[in-house]
Amino acid sequence: MFESILITIATAATPLLIAAMGELVVERSGVLNLGVEGMMIMGAVTGFAVAAMTGSVWLGVFAAILVGAAFALLFGFLALTLVTNQVATGLALTLFGLGLSGMLGESFVGQPGVKLGAIDIPMLSDLPFVGRLIFGQDPLFYVSILLTIGVAYFLFSTRAGLMLRAVGDNHVSAHAQGINVIGIRYLAVIFGGACAGLAGAYLSIVYTPQWVENMTAGRGWIALALVVFASWRPWRIVAGAYLFGGVTIGQLHAQALGVGVPSQLLSSLPYLATIVVLVLISRNRRLTMMNTPASLGRSFVPDR
Amino acid sequence: MRRLLKALAAATVLGFATTGAAEAQDPTKACFIYVGPIGDFGWSYQHHQGVLELEEELGDAVETAYLESVPEGADAERAIERFARSGCNIIFTTSFGYMDATNKVAGRFPDVKFEHATGYKREHPNVSTYNSRFYEGRYIQGVIAAKMSEAGVAGYIASFPIPEVVMGINAFILGAQSVNPDFELKVVWANTWFDPGKEADAAKALIDQGVDIITQHTDSTAPVQVAAERGIKAFGQASDMIKFGPETQLTAIVDDWGPYYIERVKAVRDGTWEQVDVWGGLKEGHVVMAPYTNMPDDVKALAEETEEKIRTGEFHPFTGPINKQDGSAWLAEGDVADDATLLGMNFYVEGVDDQLPK
Numbered sequence: 040m041f042e043s044i045l046i047t048i049a050t051a052a053t054p055l056l057i058a059a060m061g062e063l064v065v066e067r068s069g070v071l072n073l074g075v076e077g078m079m080i081m082g083a084v085t086g087f088a089v090a091a092m093t094g095s096v097w098l099g100v101f102a103a104i105l106v107g108a109a110f111a112l113l114f115g116f117l118a119l120t121l122v123t124n125q126v127a128t129g130l131a132l133t134l135f136g137l138g139l140s141g142m143l144g145e146s147f148v149g150q151p152g153v154k155l156g157a158i159d160i161p162m163l164s165d166l167p168f169v170g171r172l173i174f175g176q177d178p179l180f181y182v183s184i185l186l187t188i189g190v191a192y193f194l195f196s197t198r199a200g201l202m203l204r205a206v207g208d209n210h211v212s213a214h215a216q217g218i219n220v221i222g223i224r225y226l227a228v229i230f231g232g233a234c235a236g237l238a239g240a241y242l243s244i245v246y247t248p249q250w251v252e253n254m255t256a257g258r259g260w261i262a263l264a265l266v267v268f269a270s271w272r273p274w275r276i277v278a279g280a281y282l283f284g285g286v287t288i289g290q291l292h293a294q295a296l297g298v299g300v301p302s303q304l305l306s307s308l309p310y311l312a313t314i315v316v317l318v319l320i321s322r323n324r325r326l327t328m329m330n331t332p333a334s335l336g337r338s339f340v341p342d343r
Numbered sequence: 054m055r056r057l058l059k060a061l062a063a064a065t066v067l068g069f070a071t072t073g074a075a076e077a078q079d080p081t082k083a084c085f086i087y088v089g090p091i092g093d094f095g096w097s098y099q100h101h102q103g104v105l106e107l108e109e110e111l112g113d114a115v116e117t118a119y120l121e122s123v124p125e126g127a128d129a130e131r132a133i134e135r136f137a138r139s140g141c142n143i144i145f146t147t148s149f150g151y152m153d154a155t156n157k158v159a160g161r162f163p164d165v166k167f168e169h170a171t172g173y174k175r176e177h178p179n180v181s182t183y184n185s186r187f188y189e190g191r192y193i194q195g196v197i198a199a200k201m202s203e204a205g206v207a208g209y210i211a212s213f214p215i216p217e218v219v220m221g222i223n224a225f226i227l228g229a230q231s232v233n234p235d236f237e238l239k240v241v242w243a244n245t246w247f248d249p250g251k252e253a254d255a256a257k258a259l260i261d262q263g264v265d266i267i268t269q270h271t272d273s274t275a276p277v278q279v280a281a282e283r284g285i286k287a288f289g290q291a292s293d294m295i296k297f298g299p300e301t302q303l304t305a306i307v308d309d310w311g312p313y314y315i316e317r318v319k320a321v322r323d324g325t326w327e328q329v330d331v332w333g334g335l336k337e338g339h340v341v342m343a344p345y346t347n348m349p350d351d352v353k354a355l356a357e358e359t360e361e362k363i364r365t366g367e368f369h370p371f372t373g374p375i376n377k378q379d380g381s382a383w384l385a386e387g388d389v390a391d392d393a394t395l396l397g398m399n400f401y402v403e404g405v406d407d408q409l410p411k
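Protein chains in written order, with our numbering: chain A, 40 to 343; chain B, 54 to 411.
To be clear, the hints were calculated from the coordinates, so they are not data collected in a lab.
Nothing here was measured: the structure is a model prediction, and the numbers come from that model.
Do not take every clue at face value.
Derived Cβ-Cβ restraints for the label pairs, each shown as a range [to be verified]:
| id | chain 1 | residue 1 | chain 2 | residue 2 | range |
| --- | --- | --- | --- | --- | --- |
| 1 | A | Ile188 | B | Glu300 | 38 to 44 Å |
| 2 | A | Ile320 | B | Leu105 | 51 to 57 Å |
| 3 | A | Gln150 | B | Gly263 | 27 to 33 Å |
| 4 | A | Ile184 | B | Phe149 | 42 to 48 Å |
| 5 | A | Pro301 | B | Glu130 | 28 to 34 Å |
| 6 | A | Ser212 | B | Glu130 | 49 to 55 Å |
| 7 | B | Asp379 | A | Gln150 | 42 to 48 Å |
| 8 | A | Gly138 | B | Gln328 | 33 to 39 Å |
| 9 | B | Glu130 | A | Gly217 | 54 to 60 Å |
| 10 | A | Pro161 | B | Gly380 | 54 to 60 Å |
Some chain B residues close to chain A (C-beta under 10 Å, calculated; not the full set) [said to hold, decoys possible]:
| id | residue |
| --- | --- |
| 11 | Ile91 |
| 12 | Gly92 |
| 13 | Phe94 |
| 14 | Leu120 |
| 15 | Phe247 |
| 16 | Lys251 |
| 17 | Leu259 |
| 18 | Glu282 |
Ideal placement from N, C-alpha and C gives every residue a C-beta, glycine not left out.
Kindly generate the complete structure, drawing on both the sequences and the hints.
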């Protein structure tokens, strides 16, 4: 039972982790894309539709990543090339994604989908206690862990990562140094979209293999909040996502056990706990300032 | 030339014919406001299915329009007013939270008919209210659950502690107790109507804690699907969700709004529309039980027998003796709860293992 609970927590945390990790890279490059929810829901509908039509979950996952990236490209064109307001453009992207996905997905409502099942390694998956936890989860869980390692390594141990952070901290200086600010931001935004698309596919292919309108139910916004509360640090996002997932599942169990705490309070616990813990670990103001991309949300026009 | 004349003549006749029909009666315009997207496969989806039935039945005689995902509150009033101005003859507002907005707009448009689902305010003669007795279906589910459960405990995923939901929980446990007086019910409040992921998590939590029957009062198919994955029996909600649990769904309560919509739009056409307060159940066909599946014949027979008794009015799910959760008496032997009490229900009956959130 304990193992099963931990796997449930991992399932709840993984989509948040993937989407937040993508948005982290975007924000580290100085761009604020509030369209995560919209890109995620587009990924969810695409992943479901392609998997259902072709019968291949992996094609679905792949298509979701592409569509998420394409949606992000649209944002990039508006916000980076046409220099529109990033906040407004991101919000518009979310609204557009929610509406468009509902229209595209209409014929898939009420159809059970194809599920991307857990992996099974002979011997290892059957190990007591840790077997299924470490060796028997769905493949995208492992992708999310690799993604975190990759992003952390990229941002803080590579030259390209340094350039990306430079662009996010002071785009004018970066530009003066000959760094292609807009080009790097485009790549970051597209990466963020791909991650959001993947997170969406996780919902409609692994978490609950079905398509219903608005099925992201605000997870894109939670991912956005996680990035801020984790003060733009990859491993803190992991902590935040798992804490959120853990408290969510924990409070459901507490309810089923019949503890005498009002369910409304229990339901708000994941939000409260995550914010409190992440604010506490980020309470060093100077360090937080250092981690905050200084150019976040500010548009850049090279010639100005 | 002759051919042209012929064509002209035909056109004239045709023209007259169509004008004649149009003069006979313009199509009635029926408009609908939904709280969720029509693709939720739950509450709003079923209302929309009712509208499709209406279109099929009345054909050209009806013209429909709808607005989906209209938030309850100030936006609702604007949406309803827009419909009223745009020439709708009858407007259906399909969520509890539209109650005040519906009545407000109705006062300004006395010639338009208004129908509000699940509410109780009828402040103007042109406002009707309608609802369905879903508790009848929940009682039958309780009976089946107690027969099918080996653990003797079921899990109930609830949305918000409003009378409609509390009534459903009570009906379920009463049905179960009629078979097994010691039957237990674990309740988990999701505090949402619609979040597939969270509903799935709630189902998993309940199953991990040993329930072997899952039922829900939230709108997505996720709990049925999770139950199917784990090989646990479950009940569908609002729509027939058998596709999500072909070997595990026992039955589902299906909301069928079609007959009511057809009846009311026809009444507008005939000029016989009058204010009503309708609370239809199995008898009126507003509540339909999906086929009883994945259960032995004797359970199926018992379920059908219970359904028939409720349909004919021979038995009411809330018939005494019934105690409240704390053991105090509520209904005496043979007493039946009146509708007003049911619609305002804010307490559990004996046997529910949960504290009702206030």
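Against the structure, the hints come out as follows:
1. Ile188(A) to Glu300(B): 38 to 44 Å: holds, 40 Å
2. Ile320(A) to Leu105(B): 51 to 57 Å: Once the Cβ atoms are compared, 53 Å apart, the range 51 to 57 Å for Leu105(B) and Ile320(A) holds.
3. Gln150(A) to Gly263(B): 27 to 33 Å: With a Cβ separation near 31 Å, Gln150(A) and Gly263(B) satisfy 27 to 33 Å, so the hint holds.
4. Ile184(A) to Phe149(B): 42 to 48 Å: For Phe149(B) against Ile184(A), whose Cβ atoms are near 44 Å apart, the range 42 to 48 Å holds.
5. Pro301(A) to Glu130(B): 28 to 34 Å: holds, 32 Å
6. Ser212(A) to Glu130(B): 49 to 55 Å: Check passed, 53 Å falls within 49 to 55 Å.
7. Asp379(B) to Gln150(A): 42 to 48 Å: holds, 46 Å
8. Gly138(A) to Gln328(B): 33 to 39 Å: holds, 37 Å
9. Glu130(B) to Gly217(A): 54 to 60 Å: 58 Å Cβ-Cβ, so the 54 to 60 Å window holds.
10. Pro161(A) to Gly380(B): 54 to 60 Å: holds, 55 Å
11. Ile91: holds, 8 Å
12. Gly92: It holds, given that the least Cβ distance between Gly92(B) and chain A is near 4 Å, below 10 Å.
13. Phe94: holds, 5 Å
14. Leu120: violated, 13 Å
15. Phe247: Holds, about 7 Å.
16. Lys251: Cβ of Lys251(B) sits 7 Å from chain A, so the hint holds.
17. Leu259: With a minimum Cβ separation of about 5 Å from chain A (threshold 10 Å), the hint on Leu259(B) holds.
18. Glu282: This interface hint holds because 8 Å falls under the 10 Å limit.
This entry does not satisfy hint 14, going by the numbered hints stated previously; all others are met.
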